[in-house]
Amino acid sequence: MGAATPATPAMASTPRTPALDIRQGLEKLATYPFAILTYVDETGYPVSVAVQAAFDPAAGTATFAAPAGLTVPTGVDVSLTGSHIRPQPGYGYDERRHVTVWGRATRTGDRITFAAARAWGWDEAEVPFFEYSERSVGQSKRYFDALSVERGTPVKPKLSFGWLALRTTRLPFLSATIVPVVLGIAIAARQGSFDLLTAVLTVIGAAFVQLGLNVANDVFDSALGADDANVTPTQFSGGSRVIQYGLVSFRQMAGLATTFYVLAGVVGLVLLGLRGSTALLVIGVVGFVVSLGYTAPPLKFVYRGLGEIAVAIGFGPLMLLGAYVVQTRGALTWEPFVASLPVALLVALILYVNEIPDLRGDARAGKRTLPVRFSKAAVIGGYRGAAIAAYAILVGGVVAGLLPVPALLALLSIPLALQVSRGLEPNYDNPYGLMAVMGVNVKVHLYAGLLLLVGYAVVLILGAVAPSVSLFVGR
Amino acid sequence: MSTLPEPVEQLLDAALVGELSVVDGTGHPVTYPLIPLYDGAKIYLTSSTLFSRKLEHIKGNPRVSLSITDPVAVGGRTDRATIQGDARVIEEDPHGGWERLLPIWEKKEPSIVYFLKARVALPLFFERSLIEITPRRAFYWADGDAAAAPVVSDAGKAAA
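Line by line, the protein sequences give chains F and Z.
Residue numbers for the first sequence follow this note's numbering, so the first one is 1 and each next one is one higher.
Residue numbers for the second sequence follow this note's numbering, so the first one is 1 and each next one is one higher.
These are computed hints drawn from the structure, not numbers from a lab.
Some hints could be false.
Simulated restraints on C-beta separations [claimed, not checked]:
#: 1; chain 1: F; residue 1: ASN430; chain 2: Z; residue 2: ARG88; range: 40 to 50 Å
#: 2; chain 1: F; residue 1: GLU95; chain 2: Z; residue 2: LEU116; range: 19 to 29 Å
#: 3; chain 1: Z; residue 1: PHE115; chain 2: F; residue 2: THR106; range: 51 to 61 Å
Keeping only pairs whose Cα atoms sit at most 25 Å apart, straight-line, the calculated DSS-like set for lysine-lysine is [unchecked claim]:
#: 4; chain 1: Z; residue 1: LYS117; chain 2: F; residue 2: LYS158
#: 5; chain 1: Z; residue 1: LYS107; chain 2: Z; residue 2: LYS42
#: 6; chain 1: Z; residue 1: LYS42; chain 2: F; residue 2: LYS158
#: 7; chain 1: Z; residue 1: LYS117; chain 2: F; residue 2: LYS156
Here are some, though not all, of the chain F residues that point toward chain Z, as calculated from beta-carbon distances under 7 Å [as the list claims (entries may be wrong)]:
#: 8; residue: SER83
#: 9; residue: SER136
#: 10; residue: ARG167
Don't be surprised by glycine CBs; every beta carbon is placed ideally from N, CA and C.
Okay, chain Z solo, but in the shape it has when bound:
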């Protein structure tokens, strides 16, 4: 069940890239561009083991945020959002566990299926863990301008 405001969900569905921010061991924010995948309730991202530092940070501190800020990456929409949430790393099967997200990934990046067929060329890129984010709070800028205060909604309350 959705816990996010509708425009935020629309941004999640449209975004080719979002910015995942995590907190490292020293308390500093670290930001990674990733493809956000939304199943209507939770937000998923995948991380190759090649670029798995973010997973270490999440295991140390599960509080994360995902922002969608780039109009180019959302088909020209000018609204923006940041979703705060609790992240969980799913890594039971780095080889194939993430493939359950392939259908919604392919919608955003059709070429991923082609690349997956040639995984022998870059095997470690396709050893991946899932990041599952349970949304807690959303900040929404309807016109994308930080001069106006965002609309803040509690994701848990939205669900209620």
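Excised from the complex, chain F in its bound form:
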């Protein structure tokens, strides 16, 4: 890889667990019902024996009866370990935690005094397993590097092609593109403009744009250190992490992003050739700039607190109007623009909420997202305000006669938005608790968009069977 290859210094230096001093280590050890004394015996093998110890964390010592029949060495390090699980029949176990304190033993009569020197441990109640794993990615990289040197050939972690493709491209998030594009096509169809070939090409081209964006986002977030600094990624946030995990190289990801953008460009040129208009050209160029500039220097919208706006514009008006003008050969009306606004706000809210668990890593990487810049109360208030605005615009559009009455079906997604609103407060500082909230938030956008499409399907069907009936207020 070249000079742009992201090293992983942040990952390598990220502590796997919070540092423990000897007092904390002994205090934790004292909570276990027994301690496991371990030392290396005269044959060179470790030996462990359970002991009942009395701890004095302030003095940094523990005392216990010398185990019978064993010779505990003095003058070399021995250790005391506490280990806990809670069995869960039919499942396995949970409540994992362990702590080890190293030190020297001295024997006085039948008692041993242990003087602590250092401590280490992990408690999944303090550092969740997923975070602990993420903090250990550097160790995995070192393992594979060493194995590669040992074998004289690269050894890498693997995933099946299907899973790798899904993870690398973040394919499930394509709903963010499908919804506005199909809606734009549906609105054009309602107005009497529909061409199947260009409609299909529009969906494919827009999908390539988003896939390019998704992959490019990982490339630039890796190059700029944001993904390396994030130790609490979730399935909705923190990027695909295929570069960090060594599943796909930086160079391969850069090549993949380029390929997607080139394919999108080819489809765009075909569409220009088939249904060319100035409006489509402008939307296409602006869309490309917004998509690539989302994380790419020099624009780096997301690093400047403009990511939410870029996503709103890109996955709202640009996608929807772009699909619309392909069908209408460049003619524009207010209807698709108004319809794009709630979609834009709700898609921006996906990013907005997904940025909450990333905020510490983003802050370390200088990524000034809105959750990084504003307080918890302001961020939650911002969510509520934007969601209310999305539904208010929808209602206003219907009342003003710009959107059809069946578009109000999208209001059925309000309970999901309320669920997200209620879930933000208690889970704000818990990335893994937020996962369920983020999942519902994705559904808010998806369901609102699908319900809008159902509304337009009703309009199209009614228009076919009863052309005289208007579903617009005031018409």
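Position chain Z relative to chain F; hints supplied.
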């Protein structure tokens, strides 16, 4: 063929967790809680590459021990054991080589099969190497109390 005393084997079969102790490069013992898997002759443990420091230690010094001390992890049994042995890291195929142990792992942790199906969510956790321990000596405390000297048996002699 078994080389360990029967009660020690029973503990190995029952244990949801044991403590693997290895010797690091400076000669210090380092202890890791892991699920012990016993096939009747050798003891196996698996280690994700995420937590592979122990593998480095074993490659540097194969002398290890596995202790089973927690009554909660062995269904309430109060006896305890420590098995010393020589460890070998098996890492020909970190992606799938360890899956041959899945049947005995699943008996102790049924959820592992579910998690494996979703390995896309945590791919590096399922990149794993095997630790194979050939038992050499066993210490057994029938009542679990270190006030009494353990019964020490040579695993090689037990086999003979």
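Hints and how they fare:
{"no.": "1", "hint": "F:ASN430 - Z:ARG88: 40 to 50 Å", "in the structure": "41 Å, holds"}
{"no.": "2", "hint": "F:GLU95 - Z:LEU116: 19 to 29 Å", "in the structure": "22 Å, holds"}
{"no.": "3", "hint": "Z:PHE115 - F:THR106: 51 to 61 Å", "in the structure": "45 Å, violated"}
{"no.": "4", "hint": "Z:LYS117 - F:LYS158", "in the structure": "14 Å, holds"}
{"no.": "5", "hint": "Z:LYS107 - Z:LYS42", "in the structure": "17 Å, holds"}
{"no.": "6", "hint": "Z:LYS42 - F:LYS158", "in the structure": "28 Å, violated"}
{"no.": "7", "hint": "Z:LYS117 - F:LYS156", "in the structure": "20 Å, holds"}
{"no.": "8", "hint": "SER83", "in the structure": "5 Å, holds"}
{"no.": "9", "hint": "SER136", "in the structure": "4 Å, holds"}
{"no.": "10", "hint": "ARG167", "in the structure": "6 Å, holds"}
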